[in-house]
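K.L.:
Between the sequences and the hints, there should be enough to build the whole structure, so can you do that?
If you count by the working numbering, then the sequence shown holds residues 751 to 1832, one letter each, in order.
What the hints contain is simulated information worked out from the structure, not anything from laboratory work.
Every residue gets a Cβ at the ideal spot worked out from N, C-alpha and C, and that includes glycine.
It cannot be assumed that every hint is accurate.
Once the Cα atoms are required to be at most 35 Å apart in a straight line, the calculated DSBU-like pairs of lysine-lysine come out as [said to hold, decoys possible]: (1) Lys1789 / Lys1714; (2) Lys909 / Lys1079; (3) Lys1681 / Lys1714; (4) Lys1738 / Lys1717; (5) Lys1717 / Lys1784; (6) Lys1489 / Lys1605; (7) Lys1461 / Lys1318; (8) Lys1318 / Lys902; (9) Lys1672 / Lys1623; (10) Lys1211 / Lys1573; (11) Lys1264 / Lys1222.
Computed beta-carbon distance windows for the label pairs [what the hints assert, rightly or not]: (12) Lys1454 / Ser1375: 23 to 31 Å; (13) Ile1226 / Asp1687: 29 to 37 Å; (14) Asn1407 / Pro1433: 14 to 22 Å; (15) Lys1264 / Thr1018: 38 to 46 Å; (16) Leu967 / Val1367: 56 to 64 Å.
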Amino acid sequence: MILHSQVCPTLPATNLTHVETKWTPTSTTQDFWLRIPRGLPLAVKCAPLEYRCYQASQVRWIKMILRLQRQWMTGKLYSSRKLTTVLQNVFSLSYNSQKMSRTFHKWPSYRVRKEFVNFFVEKNHQYIRSSPVIPWNDPTLAFVNAGMNQFKPILLGEKRTLYPCAVNSQKCIRVGGKHNDLADVGQDTYHHTFFEMLGNWSFGNYFKQEACQMAWLLLTEVYQIPPDHLYITYFGGDAKLELEPDLETRDIWLSIGVPSSRVLPFGTTDNFWEMGQVGPCGPCTEIHYDRARRSDAGNRVNLGVEDMIELWNLVFIQYERKADGCLRKLETHHVDTGMGLERITAVLNGKSSNYDTDLFIPLFNEIEKISKCQAYSGAFSPDGTCLDTAYRILADHTRMLTVALSDGMFPDDSHKLRRIIRRAQTLGWEDFGLKHEKNFLQHLVHVVASILGEAYPEITKNLSNTITILEKEEEIFKEMKGQISCEWKALIRSNPELDVLSDHRTPGLIEAIKELHIAMADIRHYENTLPADFIFKLYDTYGLHLDLIEDLTTLYNLNMDVIGFQRKLEETRLLTKQVLQEKLSLSMDCNISKNIMEELNRVGTPATNSDAKYNYVSTNNGNYSFPPLESEILALISNDTLVKEASDGMWVGVVLNKTNFYHEAGGQEGDRGVLTLEDSHIPINYVDFKEDFVFHWGYVKGDKKVMVGDKVEAVVNAGRRFGCMQHHTATHLLNTAVKAVAGPSSQRSSHVAEDHLRLDVLSYKPLDATQTCSLENAVQGWIVNGSDIERQQLDLDEALLIPDLSLLPGEVYPSQVYLLRTKLPDLGMDSVELCCGTHLHNTSHIGHFVITQSKASGVGVRSLRAVCGDSAKAIEEGGKLVLDELMEWQENIHTTLQNSDEERLSTLQDELSQWILHNKEKVLPYRVQHKINQEVDIMQRQIRNIKRKDANDQMVKEMESVLKNHKNGPVVHIINTHFGSNKAVLSKATRITAAHPTLVLAFAEGIVVGRCTVPQESANNNLSAVEWMVCVQKILGGKASAPRGQNPLHVYNLRAKRMPLDEAQSKVQKAILAAEQYANNF
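P.N.:
The following block contains the structure:
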C-alpha cells in the first residue's frame, strides 16, 4: 500500500464529501481523491503486498488507513458516503499540525518532472535529454540559461529539425548578463542561480490553439490546479511598433473556458519575446498563479510580487526582427514554452516558497547536521542577513556548482563558477562556522546527487571529480586569502563593500577601483550607467575581465552599457585580427586580403570541396595509401592580386575546385605535397583556409605557365600525413588517459606535427612521474589492444548529447562535426571527441609511443610531449643504452667510495657532470630522464658528503694546529683547507677554539663565509661578536646575523657572499687585518 498525503491549500474547502473513484483496467487497484476540511487531499492507492511508510511517528494514522483498506476490500464499506465519513473521522483524530505536509508528498519533484515529460510524450513529442549547462557552441552565453538554447539553430533557421515536436527538462543557470538572478537568490522565495526548465516545443507543427489547450489540460487535470487560481496574460499590441493585439490567443483562452476577467492584455515588455536585437520573435502568453487564492486578483499580475507568480510562458514565434528594426512574418511558426520545475513543485505542494520543497529541504537538513546551527525555519529579514537567508543561498549555490562541475565546466574557464564556489565556501566558513570542516561542500554535493542524480545521471557519475575540484578550489582560496596585500587591506578598510570580491589579486584592480571612484559622480549623472568607453578602459587598460566589472557595477548599483561595450570590443578584435593576419600572411608571403576574398565571391568562385582529405585506405599491418586527386585550378593569387597565369619561380596561392590536402586546423599541421601539371609542378609548402576556400601555396617549377582552368593532380606527401595521423590519434588517446589517471582534467591546447605531439592539460591532481608513466602505459596498452577508430559525421546538437564527450573549452564547433570514438575495454576507457583532423583506422597503427617531456606550463597545467612510430622505437632503444650507462656509473662510484679514493672521486664528479650534460641534449623517454635525475642526485649527494666530510676533517686538523701554536688571546684565521663546492661548517672550527675569542673566514669557489664566537668571560670585558664581525662585513659586504636563538654578543655569522675572483683575495686579506686590529684592543 502506498500512501501520499499533502496539505494543499490549492483545493477548495467546499464540497467536503465529494469522492471521485477511478478504476484501473485490472480492477485490482482503486484511486480515491477526497476533498475534506482544510483542503487536505488523501490519495490511497491500494496495491497488494506493497507498503511504504514515510514516517514512523505516523504509525497510528497508518494503522487506521490499513484497517480502512481491509474493510473496503472485504465489502464492509459499501458506499462512498460511508467511506467519506470514516476518513473524516480519521483525519479529525490524526491531523493536528502542518508537519505532516513535510512527511507525505503527493507531488515530489521527480513526479512533477516525470508527469510533465510523459504528458507530452503521449502527445507525440520527442523527449530530448537536457544538454550540458556549458554552451559549447554559443560564445554569447556564459551558461545555458533557457530551455530553448539547444534549439536555437532550429529557431534561427540554420538547420532542419529531426522531430516536429520536442519536450525536455533542461538544466539552466542564470548568473550575470541579461538574465542575472544572483542578487535575488535567498532574498525571495523563487529566484535561483540553477533551476530546471520544463518545456515543450513545436517546430512548424502545432501552434497557438494546441499549445494553450495542452498547457491548460496539464495544469488543471494532470496537476489538478484549480482553474480559479490561474490568470492568463496575452500580448495587447504596441502602436509604436505597429503590432496588433494578439486577439487570437485571447479568444483561444476564452474558448477553453477561462473567464474574460482572468485573461489580461499586457505590452511588449511582458508579452513580446525576442531572442536578440535581430532574429526570431513573437507574442507570448503567460499563465500566472495566485498563491493567496483570491476571488479577483487580476491587479496583482506582473507586479513582481510573490503572491502572484508567473508559472508558465508560451512563446509563439511568428516574426523575424530585421537589422533595420522592422518585423517580417515567418512562413513557419514555432512554439517555445518554459515552466520552472521549482515553482510548479512548490505550487503543487501548497508551498509559498520554492525552498520548502524536496529540492531544497534535504540540503537544509544536511547543513544543520554538519554545522550544528539552528534549524532552517523559512524566515526572511528586510536586510537579508538572517541565518535562513544564508541557508537558502548556500543550498542554491551548491546545486549550481554541482551541476556545472558535473557537466565538465572548470573554474579556470568560468570566473562566474569560481565566484559561486567561493561565495558558498565563505558562507559556510562565516555564517555556519565551518572553517575547520575540510571541504564541507562535499557533504552537500552528495545530497544534490541524491536529489537530482536519477534525472541527470552525469551528476552521480562525475561525483568524485566534482569533490576533487572543490577540494583543490578550497586550497587555492584559503591560500589566496592568506596573501592579501597591504594596499588591498587599506582599500577594504575605507570601502568595506569591496570585501566580497573574490578576484582581488587581478593586476590593475586597485587602480581601476580608484578611477571608478573618481568618475562615480559623472556616472551617476549618466543615468547611473557605466558608459561603454569606460567599461572598455577597465577591460583593456586595467585588465579587468567582464565578470569582475559586473561585480563592481552590482556593488555600486550601476547599470552597464553592455551592448555598446560589445560593439567596441568586436571592432577592436576585428582590427587586431586583421593586423595579425596581415603580418602572418606577409611573413609567409601568403597574403589573403579582404579584397581577394571579395573578388573571389564577386566572380562566383565555387567553394573548395575538401572531403577527399579523408579518402585514404590502410592495410591490417598499418600501411596507408593516399590516392592522388584530379582537380582544376579556379584561381591564382600572387602579390595580393588575382592573376590568370603564373610562370616559373613565382610564389602563388592556388584555389582548386576540390582538394585532398589538409589545411592546418584542430591543432594539426597542414599537409605538404605537390600539384602536378603537364610540364610544370608546384611543390606545396603551406595550406591555408579562409571562409570556404582552401589556398595551396608554393613556387611554380617548370617551363610551362600555370593558368586558371588547368587540370592538376594533387599529391599529398604521404610520410608527413601519416606522421601527423599517428600523432593526432595518439593525442586523443593520451587526453583520455589523463582523465582516467588524474581524474578531472581539461585540455588547454594541443599541437600535432609529423614528428611529435604536445598536449597541455589542466589537472586538479598533480601529474607526477609515476602518473606520467601510467599515462604512457595506458596509451601503449591501447596500441597493443588494436582498437578500431570510428569516424561519424553528425549534427553538433546530436553530438552534444553523447555521454563522456570531450570538448575543448572556448572552441566554437561547426553545425556538422566529425565524432571520433575508440574503446579500450580492458581499462574501461572510451575516447570520444569531436575532431576535424585526419586519423588512423586502428590504434595499433601508431606502432610505438613514448612520452619525452612533462613540465609545468602555468598553474595546474601540465605540458606533455610525446613521439610515435619508428622514432619512438629509436628513442626507447636509446633510453635503454643510457640506463645501461647509468648502472656502470653507479658501480664505479660505489667502488670508489668503498676504496676511499679521494682523487678518483673528484675526477668522477667532473666526468659525471659531463655525462649529464651530454644526455640532456638527447631525446629520451621521460621515465628514463626521471630515473637518471633520481639516481644521479643520489650519486652526487654521496660524493659531496664524502668530500665535505674530508674537507671539514682537514679543517678541524688545521684549527687544532692553529690552537697548538697560539698561546693566548683572540684567534683570527682564514681557513686554508680547499672545500671546492662543498660548504664549510665553521661551527666545527670555532668549537676547537671555544676557550678563545675566535673569528674565522673560509674562501672557496668565489664564496666567502665567516663566523665569530666570544666566550662569556671575554664578553664581560666588552668584546662583542657583532662588533667584531661588522669590521669584516664593512670590507666584504654581504649580510651578517646571529644564529636563531643565540646572543649576538657571543655568536655572529657572515652569510655566504659571492665575490669576483680578481678582487676577493685582497679584500679577504684586508678583512683579516681589520679583525686583528679590533682584537688587539682586548
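K.L.:
Now tell me, hint by hint, if it's right for this structure.
P.N.:
Against the structure, the hints:
| no. | hint | result |
| --- | --- | --- |
| 1 | Lys1789 / Lys1714 | holds, 32 Å |
| 2 | Lys909 / Lys1079 | holds, 19 Å |
| 3 | Lys1681 / Lys1714 | violated, 50 Å |
| 4 | Lys1738 / Lys1717 | holds, 20 Å |
| 5 | Lys1717 / Lys1784 | holds, 29 Å |
| 6 | Lys1489 / Lys1605 | holds, 18 Å |
| 7 | Lys1461 / Lys1318 | violated, 46 Å |
| 8 | Lys1318 / Lys902 | holds, 25 Å |
| 9 | Lys1672 / Lys1623 | holds, 14 Å |
| 10 | Lys1211 / Lys1573 | holds, 19 Å |
| 11 | Lys1264 / Lys1222 | holds, 32 Å |
| 12 | Lys1454 / Ser1375: 23 to 31 Å | holds, 29 Å |
| 13 | Ile1226 / Asp1687: 29 to 37 Å | holds, 30 Å |
| 14 | Asn1407 / Pro1433: 14 to 22 Å | holds, 21 Å |
| 15 | Lys1264 / Thr1018: 38 to 46 Å | holds, 41 Å |
| 16 | Leu967 / Val1367: 56 to 64 Å | holds, 58 Å |
Checked against the numbered hints listed earlier, the structure breaks hints 3, 7; every other hint is satisfied.
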